[in-house]
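Protein chains: 2
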Amino acid sequence: MKGYSKILVAVELISKTDNEILKHAEIMAKEFKADVTLVHAVENIGSYSAYGIGVGFEIEKILMENADKEMKELGEKLNIPEGKQVVIIGPAKYVILEEAEKMNADLIVVGSHSKHGLRTILGSTADGVLHGAKCDVLAVRLKS
Amino acid sequence: MKGYSKILVAVELISKTDNEILKHAEIMAKEFKADVTLVHAVENIGSYSAYGIGVGFEIEKILMENADKEMKELGEKLNIPEGKQVVIIGPAKYVILEEAEKMNADLIVVGSHSKHGLRTILGSTADGVLHGAKCDVLAVRLKS
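Chains as they are written, first to last, in the working numbering: chain H, 128 to 271; chain A, 128 to 271.
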């Protein structure tokens, strides 16, 4: 029995939640000697520019640079090479699902937040990933 | 790092799908030396009797007896003692979540079907479990 070999871990680049997610991803990766890729989606806010706010693309650029930096630090800490650190602009659900298909992942690890307010109505990233995934999904229940 | 210690596995008592679910549950249980409980929910159709059909409870009784028998066989095959084979009448989502809380599970393993027809609208058991679980959920993607 060989378990999982290619694990995609969706990180939020917020250390409090990532620690929870990564703890479980690390256990799985270690137990199954699996290949791990980290993915993070940067919220797409560039389109706000179209409505006259005009700073959307600037903010997006700053968010992207910050995310790249934090992802690099996380990768170094976890000993995951740069080629396996993915930062993409777009809605989290689609970014994660696309990356999973691209790398032919057999497991996606994603944090699952408690449902409060809007999340109850809109559903969370974990819900969306579970709905669309072609592989197994481990949803790690987060405290926040 | 100790991984999971109490795993609740939701089985459908249909060998084709259970084989997939159990393959992953077995891997996890073995790797983490975890305690495994099997749970199966028998559809609650007794209430149809109230609408004059009158055979609901009879059918439910037969379904329950069949489920008990199949669960026993599965338990024997997997070497899981009778005290850890749970068959309960009720909606799958609630049966699974209640049992998880009762045993203080740290992981629920549940099959995740492709969404066709009604499932797309109503959502699946896996969706419901993910929504309500207080612990981690491993959704095993099934072919059917």
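What the hints contain is simulated information worked out from the structure, not anything from laboratory work.
There may be inaccurate statements among the hints.
One copy or two, either will do: identical chains are not told apart, so a pair holds if it fits within one copy or between any two.
[Stated by the list, open to error] As a list, the in silico DSS-like pairs of lysine-lysine whose alpha-carbon atoms are at most 25 Å apart:
| hint | residue 1 | residue 2 |
| --- | --- | --- |
| 1 | Lys133 | Lys160 |
| 2 | Lys160 | Lys188 |
| 3 | Lys143 | Lys261 |
| 4 | Lys229 | Lys133 |
Bear in mind the structure is a predicted one, so any value in this text is a computation, not a measurement.
Inset, instruction - Could you place Lys133 and Lys160 in one of the four classes (within, between, both, neither) given a Cα distance threshold of 25 Å? - result: Both ways: Lys133 and Lys160 sit 9 Å apart in one copy and 22 Å across, limit 25 Å.
Legend entry - Homomeric proximity label, Lys143 with Lys261: Cα distance no greater than 25 Å: between (28 Å within a copy, 18 Å between copies)
Inset, instruction - Tell me, please, which holds for Lys160 and Lys188 at an alpha-carbon limit of 25 Å: within, between, both or neither? - result: Result: close neither inside a copy nor across copies, 36 Å intra and 46 Å inter.
Inset, instruction - At 25 Å max between alpha carbons, let me know whether Lys229 reaches Lys133 within a copy, between copies, both or neither. - result: This pair counts as within: shortest intra-copy Cα distance 11 Å, inter-copy 33 Å.
When each numbered hint is compared with the structure, a violation occurs for hint 2 only.
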